[in-house]
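Numbering (the working numbering), first residue to last: 1 to 161.
There is no bait here: all hints are sound.
Derived EDC-like pairs (lysine to aspartate or glutamate); straight-line CA-CA distance at most 20 angstroms:
(1) LYS63 - GLU11
(2) LYS4 - ASP143
(3) LYS4 - GLU141
(4) LYS63 - ASP74
(5) LYS63 - GLU75
(6) LYS4 - ASP158
(7) LYS4 - GLU19
What follows is a list of derived Cβ distance ranges for each label pair:
(8) ALA37 - ALA78: 17 to 25 angstroms
(9) GLY25 - ARG117: 21 to 29 angstroms
(10) ASP3 - ALA121: 30 to 38 angstroms
(11) ALA37 - ASP106: 34 to 42 angstroms
Hints were generated in silico from the structure; no laboratory data involved. Cβ coordinates follow ideal geometry from the N, Cα and C atoms, glycine included.
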Amino acid sequence: MADKLRVGIAEFRVARAPEILISYGLGSCLGIVLYDARLQLGGLAHTLLPGVRAGRAESRPAKHVEGAIRLMLDELLAAGSGPQHLTAKLAGGANMFESLNPASEDGIGARNISAGRQVLAQLGIPLVAEDVGGNHGRTIEFDLATGLLRVRSLRVGDLCI
Numbered sequence: 001m002a003d004k005l006r007v008g009i010a011e012f013r014v015a016r017a018p019e020i021l022i023s024y025g026l027g028s029c030l031g032i033v034l035y036d037a038r039l040q041l042g043g044l045a046h047t048l049l050p051g052v053r054a055g056r057a058e059s060r061p062a063k064h065v066e067g068a069i070r071l072m073l074d075e076l077l078a079a080g081s082g083p084q085h086l087t088a089k090l091a092g093g094a095n096m097f098e099s100l101n102p103a104s105e106d107g108i109g110a111r112n113i114s115a116g117r118q119v120l121a122q123l124g125i126p127l128v129a130e131d132v133g134g135n136h137g138r139t140i141e142f143d144l145a146t147g148l149l150r151v152r153s154l155r156v157g158d159l160c161i
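Take the sequences, apply the hints, and build the full model.
Here you go:
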């Protein structure tokens, strides 16, 4: 049985098969997966915000979408991956307070999704699957042996992407 390695809010982790990376309670937060299938090597980040506010230093760069992606990418490259071998998946970015903010396109979840897609496109990393938006929370499990991202939600049920 593979170990399940927890990735908390504003954290990321890189590992190899047979490990499983798990992150609980994604609401408006965005879960980001980078994966090299040939090495069964990947990373998972649980990001809180789309980016750093102008003029502010950040002590936890994995808190933000761009910082987390770049940190994971650096670790994956150092572990032997090549950028041409990486793919990405996204999960989360929900509008958890729909009754307070029905215009979800300007909410934090939507901004996190947009930032994730933009950074991946800038880096040339293909986004191969996503389960984003909506108004429900998610827990995600990333199996490094198969590359599957299992998305669990009490409201919607389970799916693998």
